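At position 76 of the sequence shown the residue is numbered 76 (the working numbering), and the sequence of numbers has no breaks.
Check the hints yourself; a few may be wrong.
DEER-style ranges, computed between Cβ atoms [as the list claims (entries may be wrong)]:
#1 Asn95 with Thr47: 30 to 38 Å
#2 Ser49 with Lys97: 27 to 35 Å
#3 Asp53 with Glu93: 18 to 26 Å
#4 Ile100 with Gly17: 17 to 25 Å
Here are the simulated lysine-lysine pairs, BS3-like style, with alpha carbons at most 25 Å apart [said to hold, decoys possible]:
#5 Lys59 with Lys78
#6 Lys59 with Lys72
#7 Lys97 with Lys78
#8 Lys59 with Lys97
These are computed hints drawn from the structure, not numbers from a lab. Since this is a predicted model, take the numbers as computed values, not measurements. C-beta atoms are modelled at their ideal positions from N, C-alpha and C, and glycine is treated no differently.
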Amino acid sequence: MKQVKRDAKEFMQNLLGEEVSFAMLLRSIRTRDDLTQQDLADTLEITVSHVSDIENGRKFVSVARAVEFAQKLSDSPKYFCAVALQDQVNQAELNYKVQIA
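Start from the sequences, fold in the hints, and give me the full structure.
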C-alpha cells in the first residue's frame, strides 16, 4: 500500500470544498492511496461488498467502526469520528453541524 503523508481532512477539503460524508471520505482515501476496493477491504478486514456499500452510501458506519477504520488506515480518528457523527445527524434530518474539540 502506498503511504501518503496528507491527512484525510486536508485532502477532502482541497478536493471538494464541501461537507464530507463517510462515503466520500473512504472513497477519497482509497483513491488517494491508489488502492482497489479489495486492497481497502483487506486493510479494514471487511468484505469488498461492504466497502462498495459504504462508498455508495448504502451502509453507514458507527462511530466506533469509524475510529477503528482510521486506526487501520493510520489516519485521524477524530476526523473519522466527526464525519461518521455528521452522517448520523444528517440521516436524522437535523440541522446541526458536528464539531469535535
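Now for the hints, and whether the structure bears them out:
1. About 34 Å separates the C-beta atoms of Asn95 and Thr47, a value consistent with the hinted range of 30 to 38 Å.
2. Separation of Ser49 from Lys97 is about 31 Å and conforms to the stated range, judged on CB atoms against 27 to 35 Å.
3. Our hint of 18 to 26 Å for Asp53 and Glu93 holds, since their Cβ atoms are close to 21 Å apart.
4. For Ile100 and Gly17, the hinted distance range of 17 to 25 Å is satisfied, since their beta carbons lie about 21 Å from each other.
5. With a CA separation close to 20 Å, the supplied pair Lys59 and Lys78 stays within the 25 Å bound.
6. Between the alpha carbons of Lys59 and Lys72 the distance comes to roughly 19 Å, so the proposed pair stays at or under 25 Å and holds.
7. Between Lys97 and Lys78 the alpha-carbon distance is near 15 Å, which keeps this suggested pair within the 25 Å criterion.
8. Between the alpha carbons of Lys59 and Lys97 the distance comes to roughly 21 Å, so the proposed pair stays at or under 25 Å and holds.
Consistency with the previously given hints is maintained throughout, with no hint failing.
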